[in-house]
Structure formats: structure tokens, C-alpha cells
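Guided by the hints, dock chain B onto chain A, whose structure is given.
Number of protein chains: 2
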Amino acid sequence: MGLLDDTKIGFIGLGLMGRPMARNLKRAGATMIVHNRSQAPMDELAAEGMDTASTPAEAANPAEIIITMLTDTPAVQAVFAGANGILDGIRPGDLVIDMSTTKAPVTRELAARLVALGANFIDAPVSGGTIGAEQGSLIIMAGGDEAAIKRAMPIFDVLGSRTTHVGNVGAGQVAKAANQVIVGLTIGAVAEALALARRAGVDPGKVRDALAGGFADSRILEVHGLRMVENKFTPGARATVQRKDMNQALELAAELGIELPATALGRDLYDKLIDAGHGELDHAALIKVIDPD
Amino acid sequence: MGLLDDTKIGFIGLGLMGRPMARNLKRAGATMIVHNRSQAPMDELAAEGMDTASTPAEAANPAEIIITMLTDTPAVQAVFAGANGILDGIRPGDLVIDMSTTKAPVTRELAARLVALGANFIDAPVSGGTIGAEQGSLIIMAGGDEAAIKRAMPIFDVLGSRTTHVGNVGAGQVAKAANQVIVGLTIGAVAEALALARRAGVDPGKVRDALAGGFADSRILEVHGLRMVENKFTPGARATVQRKDMNQALELAAELGIELPATALGRDLYDKLIDAGHGELDHAALIKVIDPD
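The listed protein sequences correspond, in order, to chains A and B.
The opening position of the first sequence corresponds to residue 602 in my numbering, with each subsequent residue numbered one higher.
The opening position of the second sequence corresponds to residue 602 in my numbering, with each subsequent residue numbered one higher.
Just chain A, same shape as in the assembly:
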């Protein structure tokens, strides 16, 4: 009855994002074989009726589609190319979808190795956070060939509310880098604006209300602006992750020979936030760097 009734999916990376994504795929009918570095999340999903695998290779081998949702590029490299990695378990005809935020050059290298083994690859990083993962309303930025994207669409339809086929392999990661540049810098913009209002004796909440619907309006003003107004920084996305993503964007820019001065400054501001001991707070806590009171 489900959209994915005949699909066997190996899912690797059961963090805050991965767990609800795996659940949504199972709910849509997929047979799930899950793997995670630590055991607890596997036990949790095993109790919900999913098969578990003790290595990435064992999750990949019986599946026709393998999805990774990992913390960072070193984790992606280990899971793909480490001992008992995906590359050891892959079979010709398999499709691998990396939904982590991974450096574009690494993405392209792993894709080439999979293609050499007769498999296919899509990079499909997401925006929308844990709420989007739970609600199946992620925004998906996909890079890969037309046939692979078409094959993955039923999965993307379960996980997200909108998928854009941005270009060839790596293009999804470039779009995600662009996304994170905008998110990080817009948070900085809202932080300076609301800090200015507060220092001028004007209620930042009223200013946020006033700006809604005008040219200054954004999802960040709405969501992260509210966190600043309420001084509540339970993550959402951690400042450390935001800095990592901005560093990845800056590395990509350096490889391409383009300077991104605002992104570089924004990264420095996140450095200050993290150096002040706030790395585990939501990235909206950046306002603490501008107005420490």
C-alpha cells in the first residue's frame, strides 16, 4: 500500500535527522536495514521493527538503495571508504544517496568510485532541520543524473516537501553551501538589527513584528529572530555545525578562486561565539556576540 512497498533501503546515520527520516521511510512501506556508529539509536529503531546491520557494508549489501545522513565529511569518508564501508558492500545497479552536508570534491570522488563499481550516486543534502525531518517536509537539493534522480523521487517525496534537481553530481552540495552561507549571514543580519533596536531602547519583538511582510522578511527573521527576542537558544542547529558549513563554503570558494568577504566575517563571528563557550547553542545565539548583555 505504501509508496515504497517493494523497496529495500540501507540507512546509515541515525542522528537527530536520520532517525525520523528512517521512520518516515518505513511508514511508507520500505524494508529498512539501519546502521549507526553507536548502538543506542539502532536498538531504538530495532524495537520499532527495523533490521540492523553491524557495519555500513552489511547495511548496503542486501539493499538496492543506500541512504547516508552523517555529521560531517570525515564521517562520510569513513562510512563510504573505511573498513567494511559502503564500497565493500555495494552491488552493480545499487543507488547511493548521500543526504549529509559533504564537501563537493569529496562527493564527486566517492561518486566516481561508486560508478566504477556499477552503482549510481546522488548528493541530496537538505534544509529544514529536525522538524522538517519529522514532518517529511525537508527541502532537498539534488545532484546527479536524470535517471538516478527519477529513481530516487519516491524516496524524496516521502522525506521532503520539495526536491530540486540542481545539476550533476556535486551540485546538491554546492546548493547546500549556498544555503548555509545565506542562513549564517541572515542570522547575523537579524542579530545586528535586533541588537541595534534593543540598544536604542526599542522593543526588538515589536521591530520583528514591524518588519514581517516587508523586504526584510525571511524564514530566519521569523524563526531565529523569535529565538533572539525570547533569548531561547535550544538548538535547532548548533553554532558548531553552522561554522563547519560556513568553513566548507569558504574552502569551496578558495578552490574556485572567489572571495566571499561577508561569509569570512560571518565565520569569524561564529568563531567568537564558540570561543565564548556557546558552540552547543542554536546558531541564532550569534546575537550574543553583537550584544553580550
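These are calculated hints, taken from the structure and not from any lab test.
Be careful, since some hints might not be right.
Since copy identity is lost for identical chains, a pair holds within one copy or between any two.
[Stated by the list, open to error] Pairs of lysine-lysine, BS3-like flavour, derived with a Cα cap of 25 Å: (1) K889 x K873; (2) K751 x K807; (3) K833 x K873; (4) K889 x K609; (5) K751 x K609; (6) K833 x K845; (7) K845 x K807; (8) K833 x K807.
Positioned in the frame of chain A, the structure of chain B alone reads:
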């Protein structure tokens, strides 16, 4: 029949924003007495049935409500306090509404002088550009006392789609400064993101599509992002105006003793754009500073 049938309005400043605003007020039934430094816009509106005045004082004197929509703070000072200025024509009980983007300290000083003459004052700068002015869909950020705001609401309802009473006199200008900080920096964020994509060989239009609906989404991505993708920089709002507004925000910050590092960098980037001869282009042309090709 109109909302403003019994209202006599002196309207000063008939630029790209002021003319459509005056027309909307007349359409709502107000009796309009208009003034502008140069003659042509006055002739245009006289042909449409509005009265004209040869000085700000003459526009203010017969009116009960006086609205100003001027280019910058020096123009506001001249129109209010110069020879034959509003202060020379004002009568007790009048209400003056400055909808220009004016420095908050100047706003507060002019308000005090009007109050000393028995009049009242609201600062009510707007966001939404010429399109918002034409459609009567401006976002209005109002500072002033409760009674004055209440009296002005029928006018705001004609000119805008939403008015927020942000605080006392000057609070509207603080909100507008916050607005312009966010607008200027979000344009910079979108510019760096789309320039990065283009240099990485990924279609910036596809990236803009991919990001819509996610955390990176904003009015700026939608409107100014499209201008960048299409490389069309007919203003909207000129880069010179954006720089002026960011300088005003930085001056306010300096008075308050708060540093706004991203705003300072953003202003420097607009300086570069203007130094390169692009000051009359739309502020979205900032992408030319990041990726000059």
C-alpha cells in the same frame, strides 16, 4: 464615500514613492495640497486635480495633517526647519507624519519643536518600494504617542497593508534602520551564495529555486535573487540609497556604543559598488562586487 473624505492633507515630497502615495490618498477622498522642490511633479499632480503649494509652509498651513516623503535627512531638515518650512506653517492641533527614512535623533528634535508649537508628530518610515507605494501595500513602522497613531490609522490603512506601532517618537526610524541593515546584508548573503554557485558551474537560478521554502528563503532571495540571476538591475532601490541607510544605521550604532561588524563590512561593499560606477543600479547589483564577470 472615501475613508478620508473630510481630511485635508498637505503632502511634501513627490518622488517615485511620494507621487503614488499622494494619488492613493486622493482616491480615498482626501483633499490634497502638494509641494515638491522641483516643479514637474507638482504640475503632474495638479493636472490630476490636486492643489499645489509653492513652499512647505503653504502646504502645511491649510492642512490638518502634513505628510513628508523625502530623500534624506538634510531634505527633511530643510523642509521642516528651513525658510518657509513646515514649522512656519504649522497650527496647534496639526499632525505631522514623516514617512522618510530620517536619522532618529533629528526625528526626535523636530518632534520636540512641533510639540512646542502645539502640534503632534509621528515618524512612519516604510518598506515596500515603489510597487508597495503604488499598490497601497507598504509596511509602515510607526513611532509616536497612542492618540497620534490612532488619528493617523485611516491614512496608514490607505497607504499600507500593515502598520506596526513600534514605540515612541523615533522608534519608527530605529525599526527602519533595522530593516535596512537586514535588507542590505541579506542582499550580500544572497550575492555571495549565488556567486559561489555560478563559479562552481552550478546554475544560480536552479540554486535559487532549490532554496525557496527552506531556512534560506526570504523576500530578498525571491525578489533581489531573481534580479541577480537575470542580471537585471533597474532600480527598485538604488545602491546609493542603500548605502545612505546603512551609514545612518552605523551612525546610530556609534551613538549607542554598539559595534555592528557585518553592517560595517556591508557598507564597505556598497562603497565598492558605488566607486565602480554602479551607484544608480538596484542594490541587488552588489553581486558585481563579489563576482565581477
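Each hint tested on the structure:
1. K889 x K873: within (10 Å within a copy, 29 Å between copies)
2. K751 x K807: Intra 46 Å, inter 17 Å, cutoff 25 Å: inter-copy only.
3. K833 x K873: Cα proximity of K833 and K873: one copy only (19 Å, versus 37 Å across).
4. K889 x K609: Classified as neither: same-chain Cα gap 46 Å, cross-chain 48 Å, threshold 25 Å.
5. K751 x K609: The answer is within: 17 Å in one copy meets 25 Å, while 64 Å across copies does not.
6. K833 x K845: within (22 Å within a copy, 33 Å between copies)
7. K845 x K807: Close across copies (24 Å), not inside one copy (33 Å); limit 25 Å.
8. K833 x K807: within (17 Å within a copy, 34 Å between copies)
Consistency with the previously given hints fails for number 4 only.
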